[in-house]
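Chemist: First to last, the sequence lines map onto chains A and B. Using my numbering, the letters of the first sequence map in sequence onto residues 1 to 232. Using my numbering, the letters of the second sequence map in sequence onto residues 233 to 559.
Rather than coming from a laboratory, the hints here were simulated on the basis of the structure. As the structure is a prediction and not an experimental result, all values here were calculated from the model. Heads up, a few of these hints could be off.
Non-contacting residues of chain A with respect to chain B, defined by C-beta distances greater than 12 Å in every case (computed) [said to hold, decoys possible]: (1) E8; (2) I23; (3) D59; (4) A111; (5) C114.
Facing chain B, a subset of chain A residues (Cβ under 10 Å, in silico) [claimed, not checked]: (6) I25; (7) E26; (8) C30; (9) Q61; (10) Q73; (11) H91; (12) V94; (13) R124; (14) T126; (15) P142; (16) P179; (17) L194; (18) F223.
Between beta-carbon pairs, the in silico distance windows are [claimed, not checked]: (19) G500/B with E102/A: 49 to 55 Å; (20) R41/A with E469/B: 43 to 49 Å; (21) Q463/B with R155/A: 30 to 36 Å; (22) K239/B with G101/A: 32 to 38 Å; (23) Q161/A with A356/B: 51 to 57 Å; (24) A152/A with Q463/B: 55 to 61 Å; (25) R519/B with G185/A: 28 to 34 Å; (26) R39/A with D532/B: 50 to 56 Å; (27) Q543/B with C77/A: 50 to 56 Å; (28) V94/A with A546/B: 27 to 33 Å.
Glycine included, every Cβ here is placed at the ideal spot set by N, Cα and C.
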Amino acid sequence: MPPAIQFEALADDALLLRFGERIDIELNACVQAATACLRQRLPQVECVPAYASVLLRFDPQHWSGGDPHRQVQAAACAALEEPSLVTAAPHELVIPVCYGGEHGPDLAEVAAHCRLDADAVIDRHTAASYRVAMLGFAPGFPYLLGLDPQLAVPRRTDPRQRVPAGSVAIGGSQTGIYPETLPGGWQLIGCTPLLLFDITANTPSLFTPGDRVRFEAIDEDQFRDLAAANPA
Amino acid sequence: MNVTVIKPGLLSSLQDAGRPGHAALGVGRAGAMDPPAWQLANALVGNVGGEAAIECTLTGSSLRFEQAAVIALTGAPIAAHVGEHSVPMWTTCHLAAGSVLHLGGIASGCRSYLAVRGGFDVPALLGSRSSDLHAHIGYAHGRALRAGDVLPVGTTAPLAGSAAGGEVQPLGWSLDPQPWFDFAQRPLALLRGSHWAQLDAASQRLLFDGKFSLSKDSNRTASRLDGHTLQLQTPLELISEAALPGTVQLPPSGQPIALLAEAPVTGGYPRIGQIAMVDLPRLAQRRPGDTVCFHETTLDEALTRLAAHRQRLARLLGTIAQRLEHT
Numbered sequence: 001m002p003p004a005i006q007f008e009a010l011a012d013d014a015l016l017l018r019f020g021e022r023i024d025i026e027l028n029a030c031v032q033a034a035t036a037c038l039r040q041r042l043p044q045v046e047c048v049p050a051y052a053s054v055l056l057r058f059d060p061q062h063w064s065g066g067d068p069h070r071q072v073q074a075a076a077c078a079a080l081e082e083p084s085l086v087t088a089a090p091h092e093l094v095i096p097v098c099y100g101g102e103h104g105p106d107l108a109e110v111a112a113h114c115r116l117d118a119d120a121v122i123d124r125h126t127a128a129s130y131r132v133a134m135l136g137f138a139p140g141f142p143y144l145l146g147l148d149p150q151l152a153v154p155r156r157t158d159p160r161q162r163v164p165a166g167s168v169a170i171g172g173s174q175t176g177i178y179p180e181t182l183p184g185g186w187q188l189i190g191c192t193p194l195l196l197f198d199i200t201a202n203t204p205s206l207f208t209p210g211d212r213v214r215f216e217a218i219d220e221d222q223f224r225d226l227a228a229a230n231p232a
Numbered sequence: 233m234n235v236t237v238i239k240p241g242l243l244s245s246l247q248d249a250g251r252p253g254h255a256a257l258g259v260g261r262a263g264a265m266d267p268p269a270w271q272l273a274n275a276l277v278g279n280v281g282g283e284a285a286i287e288c289t290l291t292g293s294s295l296r297f298e299q300a301a302v303i304a305l306t307g308a309p310i311a312a313h314v315g316e317h318s319v320p321m322w323t324t325c326h327l328a329a330g331s332v333l334h335l336g337g338i339a340s341g342c343r344s345y346l347a348v349r350g351g352f353d354v355p356a357l358l359g360s361r362s363s364d365l366h367a368h369i370g371y372a373h374g375r376a377l378r379a380g381d382v383l384p385v386g387t388t389a390p391l392a393g394s395a396a397g398g399e400v401q402p403l404g405w406s407l408d409p410q411p412w413f414d415f416a417q418r419p420l421a422l423l424r425g426s427h428w429a430q431l432d433a434a435s436q437r438l439l440f441d442g443k444f445s446l447s448k449d450s451n452r453t454a455s456r457l458d459g460h461t462l463q464l465q466t467p468l469e470l471i472s473e474a475a476l477p478g479t480v481q482l483p484p485s486g487q488p489i490a491l492l493a494e495a496p497v498t499g500g501y502p503r504i505g506q507i508a509m510v511d512l513p514r515l516a517q518r519r520p521g522d523t524v525c526f527h528e529t530t531l532d533e534a535l536t537r538l539a540a541h542r543q544r545l546a547r548l549l550g551t552i553a554q555r556l557e558h559t
């Protein structure tokens, strides 16, 4: 555990446990470890990891006999002091992506901005190993850490009204995948035929926070075959 | 038994207690915007399993009941009738088979609830029948009700004392709406938010003394507040953190936004305030143009009021269950 953890009362039923205020892969590793530990030890508290913080949401009535925030904070501190018993290995997912063309309409622009050619952008994007820092924006949308710093590009000045489901995108130093057709301002470099979120499935989200992710380039034919096998 | 939507109204959807526990997957809670009103409507028809009810916004729906049904209306005052018979609110009503219930305009407040005995029995997703209109989760992919929708109603034993007779039969007693609907629109209790101290001095004062009005651009996700533009002393660059219903955010435009039931699970705007949970249903009952004022509260005070409110609601739910048994 890192030395400094801050607690902040957010609402009647919520505390924020903060490790820092930066987007940083090491801070996020602390967040994922703390989330796993707290879920194990405080099953009655909902733990929601973000980049550098964990939201603890609880029913204040459940913690009767004193200030519920103080009780949850004390319980969380006690839980985090004990080393976790089980450290489950993170899931590793390989996401097939058809880069460029109609699937990645901003690839050329991204390449120009990065002073690379399109193939070099694809090489760098597929070479890196990413971690799912958190899910948000829409159900199943993964915010991925680990983008090659040379691929960082500003968001679009005119956000799109409809970004197609499966679009793989770069926004600033982050990369992510749109689970469904949504408005969005990130730069689209490719598309995956995989279904990211299905509310009716036993595990609705393909990704969970803490997962390891790699991208693998596929061509148009492979995209079509995989899309047919994974109907949305 | 089915209920057919003849006219949906401006924005009507099925709502229950929502979908807690899935924020880590990016799935918000949604659920009824005025939870006590939803709970009381269910209690009045003898539903005890957190059944889904219809939440109407500003105008009501028209619905045909294939078979005899037991209904209750709560929340914002709404004109309701079946044929020439008016249907009272805050009580249990028997409707004859084939009844067409017309819910009219909402005169004050914003959201009314219609519960039916047995509940609207659409498939539950992640444990809830709520429609999350923003995330497209729920009945018919989380859209608002439309004309022609046929909503199944769960089967349950008939209510004791349920008598066939006239077209509309209210029971001989009703609830006092007073504590459950804020006719006076009093100020809402607000906690200082994480970034309140970074507001400039004038904005700090305005947040607690100013009169805001609810923007037309408000929905189940958020209430936008018109009237004053607030400013930070210096701009803040924040990384995304968890977002919550009741959080008052300040985007760069300076127009405060209060997040509501369908709040996104993450957000990156400064948090200048947090509305006390006990007062969130009262904000949900403000309509565009209504005044919104805040008064400062502490966490202790907010929790004390919340506990008292929940106790009062629990007692009333118990009383209703007893009365229904002995009707």
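Chemist: Hints first: check each against the structure and report whether it holds.
Modeler: Now the hints, each set against the structure:
Its closest Cβ contact with chain B, about 6 Å, brings E8/A to no more than 12 Å, contrary to its assignment away from the interface. Not every C-beta of chain B lies more than 12 Å from that of I23/A, the closest at about 5 Å, which undercuts listing it as non-interface. With a closest Cβ-Cβ approach of about 9 Å to chain B, D59/A is found to fall inside the 12 Å limit, against its non-interface label. Every CB of chain B lies more than 12 Å from the CB of A111/A, the least distance being 27 Å, so the non-interface label holds.
Residue-level check passed: C114/A sits 23 Å from the nearest beta carbon of chain B, beyond 12 Å. For the restraint placing I25/A at the interface with chain B, the shortest Cβ-Cβ distance is roughly 13 Å, beyond the 10 Å limit, so the hint is violated. Interface restraint check: E26/A against chain B, minimum CB-CB distance 14 Å, threshold 10 Å, status violated. Nearest Cβ of chain B to the Cβ of C30/A: about 14 Å, over the 10 Å cut. The hint is violated.
With a cut of 10 Å, the hint placing Q61/A at the interface with chain B holds, because the nearest CB-to-CB distance is about 7 Å. The interface hint given for Q73/A is broken, as the beta carbon of that residue sits about 12 Å from the closest beta carbon of chain B, more than 10 Å. Below 10 Å, beta-carbon pairs count as interface contacts, and H91/A has none with chain B, the closest being about 14 Å; its hint is therefore violated. The interface hint given for V94/A is broken, as the beta carbon of that residue sits about 20 Å from the closest beta carbon of chain B, more than 10 Å.
A distance limit of 10 Å between C-beta atoms decides the matter here; for R124/A the minimum to chain B is near 24 Å, and the interface restraint is violated. Below 10 Å, beta-carbon pairs count as interface contacts, and T126/A has none with chain B, the closest being about 25 Å; its hint is therefore violated. Hint status for P142/A relative to chain B: holds, with the closest Cβ pair at about 9 Å, below 10 Å. Proximity of P179/A to chain B holds as hinted, the smallest CB-CB distance being about 8 Å (cut-off 10 Å).
Using the Cβ-Cβ criterion of 10 Å, the hint placing L194/A at the interface with chain B is not satisfied: the shortest such distance is roughly 16 Å. Because the closest C-beta pair between F223/A and chain B is about 24 Å apart, greater than 10 Å, the hint is violated. Hint check: G500/B to E102/A, Cβ distance near 31 Å, so the stated range 49 to 55 Å is violated. Checked against the hint of 43 to 49 Å, the pair R41/A and E469/B fails, with Cβ atoms roughly 34 Å apart.
In this structure the hint that Q463/B and R155/A lie 30 to 36 Å apart at CB is violated, the actual value being about 24 Å. Remark: the range hint 32 to 38 Å for K239/B to G101/A is contradicted by a beta-carbon distance near 46 Å. The beta-carbon spacing between Q161/A and A356/B, approximately 32 Å, falls outside the hinted interval of 51 to 57 Å. A hinted range of 55 to 61 Å for the beta carbons of A152/A and Q463/B is inconsistent with their spacing of about 30 Å.
Evaluation of the 28 to 34 Å hint for R519/B and G185/A yields a pass: the beta carbon distance comes to about 31 Å. In this structure, R39/A and D532/B break the distance hint of 50 to 56 Å, their C-beta atoms being roughly 29 Å apart. The hinted range of 50 to 56 Å is not satisfied by Q543/B and C77/A, whose Cβ atoms lie roughly 30 Å apart. Range check, V94/A to A546/B: Cβ separation about 51 Å, and the 27 to 33 Å hint is violated.
Hints 1, 2, 3, 6, 7, 8, 10, 11, 12, 13, 14, 17, 18, 19, 20, 21, 22, 23, 24, 26, 27, 28 from the list above are not met by this structure, while the remaining hints are.
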